[in-house]
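Residue numbers (our numbering), protein chains in the order written: chain A, 10 to 194; chain B, 7 to 342.
These aren't lab readings, by the way, just hints derived from the structure by calculation.
Simulated pairs of lysine to aspartate or glutamate, EDC-like, Cα-Cα distance not exceeding 20 angstroms:
1) A/Lys131 with B/Asp23
2) B/Lys264 with A/Asp54
3) B/Lys171 with B/Glu154
Quick caveat: nothing in here was measured; it's all calculated off a predicted structure.
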Amino acid sequence: MNLVGNIKKLQAGSEAEFRRFYEINFAYFQSFAFGFIKSEEICRDLVQDVFIAYWEKHADFSDSISLKVYFYRSIRNKCLNELRKLKTTETEADNELLKLASDDYLLEAIIEEEIAASVHQKIAELPEQAQKILKLSLTGKNNKEIAEQLAISVNTVKTHKLKAYSVLRHQLRDLQFVLQIISVG
Amino acid sequence: MQERIEISLRIAHLIEDFMQSGDGLMNPELKEWIEESDANRELFARITKGNDWQEKLARLDRMQKATSWSDLQRKRKRDVRKLWMRTVQFAAVLVFTLLVGGVAGYFISSQKSQQIELAVQRYSSMKGSISVFELPDSTKIWLNSDSEISYSEDLKNKRRLVSLKGEAYFEVTHREDCPMEVSVGQLVIRDLGTSFNIKAYPGSPVVETSLMEGKVDILSERGKSIVALEPGEIARFDSNNKTMDVSTFSPHIVSAWKDGKFVIRDQRMEDIFSELSHWYNVKFIFENPDLKDFRYTGIIRKSTTVEHVLKMLKETTHINYRIKDMPSGMDEVVIY
Numbered sequence: 010m011n012l013v014g015n016i017k018k019l020q021a022g023s024e025a026e027f028r029r030f031y032e033i034n035f036a037y038f039q040s041f042a043f044g045f046i047k048s049e050e051i052c053r054d055l056v057q058d059v060f061i062a063y064w065e066k067h068a069d070f071s072d073s074i075s076l077k078v079y080f081y082r083s084i085r086n087k088c089l090n091e092l093r094k095l096k097t098t099e100t101e102a103d104n105e106l107l108k109l110a111s112d113d114y115l116l117e118a119i120i121e122e123e124i125a126a127s128v129h130q131k132i133a134e135l136p137e138q139a140q141k142i143l144k145l146s147l148t149g150k151n152n153k154e155i156a157e158q159l160a161i162s163v164n165t166v167k168t169h170k171l172k173a174y175s176v177l178r179h180q181l182r183d184l185q186f187v188l189q190i191i192s193v194g
Numbered sequence: 007m008q009e010r011i012e013i014s015l016r017i018a019h020l021i022e023d024f025m026q027s028g029d030g031l032m033n034p035e036l037k038e039w040i041e042e043s044d045a046n047r048e049l050f051a052r053i054t055k056g057n058d059w060q061e062k063l064a065r066l067d068r069m070q071k072a073t074s075w076s077d078l079q080r081k082r083k084r085d086v087r088k089l090w091m092r093t094v095q096f097a098a099v100l101v102f103t104l105l106v107g108g109v110a111g112y113f114i115s116s117q118k119s120q121q122i123e124l125a126v127q128r129y130s131s132m133k134g135s136i137s138v139f140e141l142p143d144s145t146k147i148w149l150n151s152d153s154e155i156s157y158s159e160d161l162k163n164k165r166r167l168v169s170l171k172g173e174a175y176f177e178v179t180h181r182e183d184c185p186m187e188v189s190v191g192q193l194v195i196r197d198l199g200t201s202f203n204i205k206a207y208p209g210s211p212v213v214e215t216s217l218m219e220g221k222v223d224i225l226s227e228r229g230k231s232i233v234a235l236e237p238g239e240i241a242r243f244d245s246n247n248k249t250m251d252v253s254t255f256s257p258h259i260v261s262a263w264k265d266g267k268f269v270i271r272d273q274r275m276e277d278i279f280s281e282l283s284h285w286y287n288v289k290f291i292f293e294n295p296d297l298k299d300f301r302y303t304g305i306i307r308k309s310t311t312v313e314h315v316l317k318m319l320k321e322t323t324h325i326n327y328r329i330k331d332m333p334s335g336m337d338e339v340v341i342y
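Okay, chain A solo, but in the shape it has when bound (with noise of 0.2 angstroms):
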């Protein structure tokens, strides 16, 4: 993920750019505190915590990798704590538990999502229309559905799903998920 902002007027404390900064990374933190808790609602209010905290204390991060683990480490800190609250009789959620907390499981889940939000990233780079079609794809609608809800032709969205996925093939050529969403079908 490349995280989306000026370090240097954020440090500087600039509201604007403190906006700018959460509009467009809090989504990717969000969906790494998901791999923690199952629960969009939970997450949201945990990580919004997270940017408030990072906000209020004016902590000094020279660079964005330091700044992005500070991000990882404290929602995953905070998810471990919230899940320690929620901890039920069962025993299993015991051993789930261990496993969320250990060491190897957070390098794994900044892995998954570094690359996970690169890719969402690319996928935004798209013209707005391929972009659309796309996300319209992700839900699950096939070609016609796509067509009726855009009002364009069918013919349109194949074009314009022919065309993404050039691009996206250029950037991204292993990745089999393109061919999954964009089969021109």
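Given chain A, put chain B in place with the hints provided.
Here is chain B on its own, set in the frame of chain A:
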């Protein structure tokens, strides 16, 4: 750990490069990492094969769409207020600790307070549901199953008046000029800007007030101060023998109900089933009275069925049960 995380960030970057180049050539550092362990190999295969990508990308989209700046702003304001309250409360607590401590027994007179005519708002929560509502001053109140509350503002005497039957959790917006007073039976709990939980179901002689944050004063109906609570303290008032005792509690256990959980910590079976009956609208009958005093600890999600809860209790304790379907009225469960 910092170092290991930084290595992971680098590995993520190398995997991305590998996926993008598509020439099948692998950076030696990445290759070494993959060969380091089976877990690494599996992770690499999972990412490049991408079976769960569709779900993941859709979730990211959904999350990005739901990201709201104004949401964060609201939360920040609330947190700043809490921080400020904590500073004020620290001084208050210090003074308080010097004055009072430990268990206190008090006598409370039970005369009726004078009635005031006001516009009253009523809220209630049916059996088996929890409701949350916000007052115009952004005070938030969670109402537990089978509970009701009425709210009014006494503008003349500058008070916000609440009366409660059942259980509620309050996050009160502090107003210096207009404190909130919650009446429960023979007590009045006066808030000074706080989060607290009050449990006062009709049918139980006990009123429990637990303070999470801030400060509350507990007064008699006539406005005489009985005790002030510190965060982390619970006051139990028994209306039968008119005693009040103060002890400490774990915050998340007292308020867990508002997140949809029953938390049972070393409680008597009789008390546990009385709580379950508020939630499930079922009557529990003890065939063997000795079981009433059996103690149990555990957490139950409120979304589970009463059968599931009973099964769980049966498996982990030596109680047994049978369900009697009543064609009209409450179903009965016999515990033996």
